[in-house]
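Read off the chains here:
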Amino acid sequence: EPEVTQTPSHQVTQMGQEVILRCVPISNHLYFYWYRQILGQKVEFLVSFYNNEISEKSEIFDDQFSVERPDGSNFTLKIRSTKLEDSAMYFCASSEEANSGYTQYFGPGTRLTVL
Amino acid sequence: AQKVTQAQTEISVVEKEDVTLDCVYETRDTTYYLFWYKQPPSGELVFLIRRNSFDEQNEISGRYSWNFQKSTSSFNFTITASQVVDSAVYFCALSEYKAAGNKLTFGGGTRVLVKP
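The listed protein sequences derive, respectively, from chains A and B. Read left to right, the first sequence gives residues 1 to 115 (our numbering). Read left to right, the second sequence gives residues 116 to 231 (our numbering).
Hints listed in this document are in silico derivations from the structure and should not be mistaken for laboratory results. Heads up, some of the hints might be wrong.
[To be verified] In silico lysine-lysine, DSS-like type, Cα no more than 25 Å apart, as pairs: (1) B:Lys153 with A:Lys42; (2) B:Lys118 with A:Lys57; (3) A:Lys57 with A:Lys42; (4) A:Lys42 with B:Lys185; (5) A:Lys42 with A:Lys78; (6) B:Lys185 with B:Lys153; (7) B:Lys185 with B:Lys230; (8) B:Lys153 with B:Lys131; (9) B:Lys118 with B:Lys230; (10) B:Lys118 with A:Lys42; (11) A:Lys42 with A:Lys83.
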């Protein structure tokens, strides 16, 4: 069964460093998302991406964040200058078109630890 | 603005007991979707069910069942005859209908602990 994959599974970085989190969505999906979950808290929406542009972003997704689909398979989240409070689990998700009701399938997550 | 409330933060049951997880939502949209996801101890988010706002039919899938009531804005989830493998955090989520993708608004989650 097709699934969303994410790399790395765990990333440790120093405050102020740039990180890139990588995702490979399900191949026939057109909509891509990033969410984050601070330890023990709810899952929060960061950004959605469709047709090579951001379709919606939350207030969390400030200028330090960016997303890109550099080729036909990868979807990346970049954090330019990490802060301690960026430590969280980051989930990538993808979904098909509108007639499927936008069910989002999630990857296993990348745990980001900022020291 | 959308909001999802899961009032129960943690439920502990003994194996074979039934457990019901409550979910109450708020939205101004007339067309929306409701979801349940399971997050086992390994951390991934596993899709369980999606419900459309115009379909209030309840659903059963094995030991899982869902009760959608628009009148009370609730979408409750019952696990019948619980098993240790059901131990996880369960999230209810809501999305509005949009033409270009849609964000999920999650509730705070309910941790279910099934003891042998």
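Please write out, lowest number first, the hints stated earlier that are contradicted by the structure. Result: hints 7 and 9 break, sorted rising.
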